[in-house]
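Colleague: Sequence:
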Amino acid sequence: MIDRIRQLMEYKGLSSSQFADSIEIPRAVLSHILSERNKPSLDVMVKIAAAFRDIRMAWLFMGEGSMVEAAKESTAQAATAAEEVTKPETPSEPWQEGATGPAPERTQPSPENAQAKAAADTGNVINKETNASFLQAILANPKSIEQVMIFYTDRTFAVYKPG
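No gaps in the numbering here: position 148 of the sequence shown is 148 in the working numbering, and each next residue is one more.
Bear in mind the hints are in silico, worked out from the structure with no lab data behind them. One thing to keep in mind: the hints can contain errors.
In silico DSS-like cross-links for lysine-lysine, where the CA-CA straight-line distance does not exceed 30 Å [unchecked claim]: (1) Lys-12 x Lys-39; (2) Lys-161 x Lys-143; (3) Lys-47 x Lys-12.
Bear in mind that the values here come from a model prediction, so they are computed numbers and not experimental data.
Whenever a hint applies, use it, and build me the whole structure from the sequences.
Modeller: Written out as structure tokens, the structure reads:
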């Protein structure tokens, strides 16, 4: 599995730091995996699969078949070649004082993005309606509510107690 992670890094042209950042794991975790101090956890493998959707899961997890499907492979290689041609020069150590890079380009939202956002907003309306009916069912119950806890994705929570 470690060899496949190395192959993927080479295929994508990423350093270990860039790879760890792209799959949102601490760099030390990837360093320990690559040095074979630790085996990759399921969480790390799932993050790799989620970050690189063009990579076949059977190859990543079990080494079966090719890394990418043939059609995706030729497209990915063409995209990598185009990226290398258009890649701007960046400082090797961007944290150095005075290092600057090119300004990010502003892009216009595409119609597909607007449609996806509209669909997501519709989903929120459905969720709000579902939540409202759920709350009505809870409030109709003769039992009294002691407290309500809400857990947020940033691993914080809030506790609400009725007056």
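Colleague: Checking each numbered hint in turn, tell me which of them this model violates, lowest number first.
Modeller: none
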